[in-house]
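Q: One-letter residues, chain by chain:
2 protein chains.
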Amino acid sequence: MNQLELIQELAIKNNTKIVLLVLDGVGGVPLQPGGPTELEAARTPNLDALAARSACGLSTPVAPGITPGSGPGHLSLFGYDPLQYEIGRGVLEALGIGFDLQPNDVAARGNFCTVDAQGLITDRRAGRIPTQEGARRVELLRSIRLPGVQTFVEPVKEYRFALVLRGEGLAGGLRDTDPQQTGAAPLPAVAYDPAAQRTAELVNQWIAQAARILAGHPPANMLTLRGFAVDPNLPKFPDVYKLRAAAVAVYPMYKGVARLVGMDILTVQGEAPSDEFETLRQHWDAYDFFFVHIKKTDSTGEDGNFEAKAHVIETVDAALPALLDLKPDVLIVTGDHSTPSLLKSHSWHPLPILLSARTGRGDRVTAFGETACLGGSLGHMRHVDIMPLALAHALRLTKYGA
Amino acid sequence: MNQLELIQELAIKNNTKIVLLVLDGVGGVPLQPGGPTELEAARTPNLDALAARSACGLSTPVAPGITPGSGPGHLSLFGYDPLQYEIGRGVLEALGIGFDLQPNDVAARGNFCTVDAQGLITDRRAGRIPTQEGARRVELLRSIRLPGVQTFVEPVKEYRFALVLRGEGLAGGLRDTDPQQTGAAPLPAVAYDPAAQRTAELVNQWIAQAARILAGHPPANMLTLRGFAVDPNLPKFPDVYKLRAAAVAVYPMYKGVARLVGMDILTVQGEAPSDEFETLRQHWDAYDFFFVHIKKTDSTGEDGNFEAKAHVIETVDAALPALLDLKPDVLIVTGDHSTPSLLKSHSWHPLPILLSARTGRGDRVTAFGETACLGGSLGHMRHVDIMPLALAHALRLTKYGA
Numbered sequence: 001m002n003q004l005e006l007i008q009e010l011a012i013k014n015n016t017k018i019v020l021l022v023l024d025g026v027g028g029v030p031l032q033p034g035g036p037t038e039l040e041a042a043r044t045p046n047l048d049a050l051a052a053r054s055a056c057g058l059s060t061p062v063a064p065g066i067t068p069g070s071g072p073g074h075l076s077l078f079g080y081d082p083l084q085y086e087i088g089r090g091v092l093e094a095l096g097i098g099f100d101l102q103p104n105d106v107a108a109r110g111n112f113c114t115v116d117a118q119g120l121i122t123d124r125r126a127g128r129i130p131t132q133e134g135a136r137r138v139e140l141l142r143s144i145r146l147p148g149v150q151t152f153v154e155p156v157k158e159y160r161f162a163l164v165l166r167g168e169g170l171a172g173g174l175r176d177t178d179p180q181q182t183g184a185a186p187l188p189a190v191a192y193d194p195a196a197q198r199t200a201e202l203v204n205q206w207i208a209q210a211a212r213i214l215a216g217h218p219p220a221n222m223l224t225l226r227g228f229a230v231d232p233n234l235p236k237f238p239d240v241y242k243l244r245a246a247a248v249a250v251y252p253m254y255k256g257v258a259r260l261v262g263m264d265i266l267t268v269q270g271e272a273p274s275d276e277f278e279t280l281r282q283h284w285d286a287y288d289f290f291f292v293h294i295k296k297t298d299s300t301g302e303d304g305n306f307e308a309k310a311h312v313i314e315t316v317d318a319a320l321p322a323l324l325d326l327k328p329d330v331l332i333v334t335g336d337h338s339t340p341s342l343l344k345s346h347s348w349h350p351l352p353i354l355l356s357a358r359t360g361r362g363d364r365v366t367a368f369g370e371t372a373c374l375g376g377s378l379g380h381m382r383h384v385d386i387m388p389l390a391l392a393h394a395l396r397l398t399k400y401g402a
Numbered sequence: 001m002n003q004l005e006l007i008q009e010l011a012i013k014n015n016t017k018i019v020l021l022v023l024d025g026v027g028g029v030p031l032q033p034g035g036p037t038e039l040e041a042a043r044t045p046n047l048d049a050l051a052a053r054s055a056c057g058l059s060t061p062v063a064p065g066i067t068p069g070s071g072p073g074h075l076s077l078f079g080y081d082p083l084q085y086e087i088g089r090g091v092l093e094a095l096g097i098g099f100d101l102q103p104n105d106v107a108a109r110g111n112f113c114t115v116d117a118q119g120l121i122t123d124r125r126a127g128r129i130p131t132q133e134g135a136r137r138v139e140l141l142r143s144i145r146l147p148g149v150q151t152f153v154e155p156v157k158e159y160r161f162a163l164v165l166r167g168e169g170l171a172g173g174l175r176d177t178d179p180q181q182t183g184a185a186p187l188p189a190v191a192y193d194p195a196a197q198r199t200a201e202l203v204n205q206w207i208a209q210a211a212r213i214l215a216g217h218p219p220a221n222m223l224t225l226r227g228f229a230v231d232p233n234l235p236k237f238p239d240v241y242k243l244r245a246a247a248v249a250v251y252p253m254y255k256g257v258a259r260l261v262g263m264d265i266l267t268v269q270g271e272a273p274s275d276e277f278e279t280l281r282q283h284w285d286a287y288d289f290f291f292v293h294i295k296k297t298d299s300t301g302e303d304g305n306f307e308a309k310a311h312v313i314e315t316v317d318a319a320l321p322a323l324l325d326l327k328p329d330v331l332i333v334t335g336d337h338s339t340p341s342l343l344k345s346h347s348w349h350p351l352p353i354l355l356s357a358r359t360g361r362g363d364r365v366t367a368f369g370e371t372a373c374l375g376g377s378l379g380h381m382r383h384v385d386i387m388p389l390a391l392a393h394a395l396r397l398t399k400y401g402a
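Residue numbers (my numbering), protein chains in the order written: chain F, 1 to 402; chain L, 1 to 402.
This is chain F alone, in the form it adopts within the complex (with noise of 0.2 Å):
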C-alpha cells in the first residue's frame, strides 16, 4: 500500500475547511552570501505574524537536489509522489496552453524543425521562429484529416506546437520522431507499445500530410514530435482526500494539472493575489478544500528580477487578510518549488512552509523565511506529506490501525 493509498483509507468527511497557498518559486537564494532571499527582503508584516503563530518548516518538493518541473512539483503538493505517478510530456504541454484534454486523447509536444534538400535536420529549432510565424504553420496543419480520428494542433511558443489525437482505440506508447541531432532525419513514429500500432500509423500519415504542406515554408520546413502521452488516469483527488476541491489559478498549466486530478476549476476576475481571494470567498461554501495559486513569484523569479519577485510577494501579503478572513480551519502556505533569482530558473532548494491550525504546535519561528523557518516545528519535509498534514490538523483522518 503506498501513501496515497493509505491516506484514502483513513480519510473521512467533516465540515473542516482546507485552504493551500502556493507562491510558485516564492522559495530563493541570497544574492550576496549573508544577504536576503526574495522573501526575506520583502516586507510581510501579515506572513509573518501568520508564521508567529503557526506551525513552520522547510519542505523539499520532490527530493534533496531535484529540480521539479511545473507537473511534478504540483503533483508533490497534492499528496501524489511525482515518481510514481507521472504525467506524459505531451499531456502538460497540453495542458499548459488550456487545451481541453479528454481522457482517451493522445498528446504529443511538436517542434518545427529545418530540413535540407536531403530532409536532414539542419536546425532542430527551425531558427526559433517567431511566435506568430509558429502560428501561421499551425494553421495550414489544421487542414490535415486522418481517418476516423480528429486532430488537433494548437500553437505553444515560437518553434513550438501541441498535436492531440482523439478517437477510438488510440494509446500512446510512442517513441519521438526527434533524432536529437542535426544531420538525421527526422524518424517515423514508432509504437513500443503494441496497443499503439494504429496510433504511430495516423501519426505518420499526418506527418507525411504536414511534411508536403512545410515544404514550401522554410526555415520551418518540417517537424518532430516528442513525449507521446495520454491522461494518466490519476486517482482523483476528491475520491482519495474526500474534499470537494477547487482550484483557483490563473496560468492555464495550474489549472490542467489541477483538473487533471479532478479538482473544479474557478474562474477568477482579474490576475492579482486579491482577485483569486475573492474568487474564494464567493465559492467558499461549496469546496472543503482550496488550491490557490500565485504565478508571478515564479516568472519575476525566472526573469531574474529580485525587486519584482519580493514585490510580488508583498502584494499576496497585503491581501492575505481577505483570506484570514475567511477563517480556514487548516491554511498552508508554501511554494511548488524555489525559483531563485540568482538562477533565473526553477531550483531544487526546499520552501519555506507554514501550516496555521489550532491543533498546530507552535516553535520560535517570528517571520516567514527561508532562514527563519529553520528550527520550526513542522522541521525538513517533503511536498508529499503536505496533504497528509493537512488532513490530519483538520481532524479529517482516522487513527491507523487499532
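Don't read these hints as lab results, they were simulated from the structure. Only a predicted model underlies this, so the values are computations on that prediction, with no experimental measurement involved. Take these hints with a grain of salt, some might be off.
If chains are identical, the list can't say which one is meant, so a pair holds when it fits in one copy or spans any two.
Here are the simulated PhoX-like pairs of lysine-lysine, each with C-alpha atoms no more than 25 Å apart in a straight line [what the hints assert, rightly or not]: (1) Lys236 to Lys157; (2) Lys344 to Lys236; (3) Lys399 to Lys13; (4) Lys236 to Lys17; (5) Lys157 to Lys327; (6) Lys242 to Lys157; (7) Lys13 to Lys344; (8) Lys17 to Lys242.
Dock chain L against chain F, hints included.
A: Just chain L now, kept in the frame of chain F:
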C-alpha cells in the same frame, strides 16, 4: 525508477569541480554530558570560517541507528543506497587488503580455526593466532592447485585471510562453510545458486587439500570460508553522474570501494592531509569530481584516543587552505560514519556536514561541529542525498518533468 536511475537521467556535463572531503569517522559524542566532541574540542578556524559561509546540517549514513561498515558507508556517500547495492563480504575483504580483484573473481573471507580429532571445531578463531602465524599458513595454502582456475590466498590479520578464485564460469552463490558454533564440523561449500555448482566443487577440492596441509599445524589446523561474492558490477559513478571522478585515498579499502564504482585512483606521495590535497592540486584539471579520504580520524577514534582524534582534525584544518585555494565550485565536508572515542568503534550517529557553493542557502551556523550544525539549512539529511545535492549545486542536474 530508483534515485540513482533518476539522477543518471537528469545529469549533464559542465565545467564545474566538485570535492567530497571525507573525514573517516569524524563524528563523535562527548566523553562527559555537556562536553565537546572531538570535532568540537579541536581548534578548527578554517573549517569554522568555511561553515559560516556554507549550508550546514547533520547527515545520517545509512539509516537511523545503523552503524555502517566502510563498504555501506562509502556507497551511501557515493549516492548508492547500500540496501539496494550490496557489496559481498568476500569482495570487501579482498578490497580491504588492496587485492586487485577482477570482474569475475570469486572472493571469500577465510578464518583459521581449531578442530579436534573428530574434526569438530573447538575454537572458531584458532586462539587468535598472531598475524605472522596466519601468514605462515597462508604461504602453505598457496601450494594448492585447482583444475582450470587460479587461486589466490592472502593474509589479512591474525586468524583471517582472503581466498580468491579466478577463471571462467565461476559464480559467488555459495553458502558459508562456517557452522557458526563450536562442536560442529566445518560445512562443505554448497551452491544455493545452480550457476555456482562448479565453483562449489572446486572450493571443496581446495578445502580438502587445505585440511591435509593444516592438519599438522595446530592450533590453526583447519579453516572456514564465508561471504563468497563477486564484484557486484555496480553502475559506474562516471556513467551515472557524468563526472570524471578520481579518488585520493591512502588506505586500500577506500581505494578499493572507489575503484569498484569506477573512479580513477590517484597515487598520493605521503600520508598526511596536506599530501592528499597536493595530489588533488596536481590532477585538478583532469577531473570533475574528487573523493578525498582522510583515514586517521577513524583509527584514532577506534583507539579511543580523544586527543589524538582531535589532533588529526586539526591537521586537516591546517591543510584546508590548500584545498580552498583550488576554488572548487562545490565542496562538501563530512564523514562516512561517526567513530566516537567513547565507543572505540564505528557508530550510527549522524555526521556534521557542510556544503559550500555559490548557490548555497546560508544559515546561522558559524562553526563546524555536531551541535553547531543543528539548525543549519541542510537540516537532517541522508548520505545518499549528498551526491544529488552536490550535482544540483554544480548545476549539473536538469529539470525533472515539464
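Q: For every hint, state whether the structure bears it out.
A: So, going through the hints one by one against the coordinates:
no., hint, verdict
1, Lys236 to Lys157, "neither (31 Å within a copy, 39 Å between copies)"
2, Lys344 to Lys236, "neither (34 Å within a copy, 32 Å between copies)"
3, Lys399 to Lys13, "within (14 Å within a copy, 37 Å between copies)"
4, Lys236 to Lys17, "within (19 Å within a copy, 44 Å between copies)"
5, Lys157 to Lys327, "neither (41 Å within a copy, 40 Å between copies)"
6, Lys242 to Lys157, "neither (38 Å within a copy, 31 Å between copies)"
7, Lys13 to Lys344, "between (42 Å within a copy, 19 Å between copies)"
8, Lys17 to Lys242, "within (12 Å within a copy, 47 Å between copies)"
In terms of the numbered hints stated before, the structure departs from hints 1, 2, 5, 6, listed from lowest to highest.
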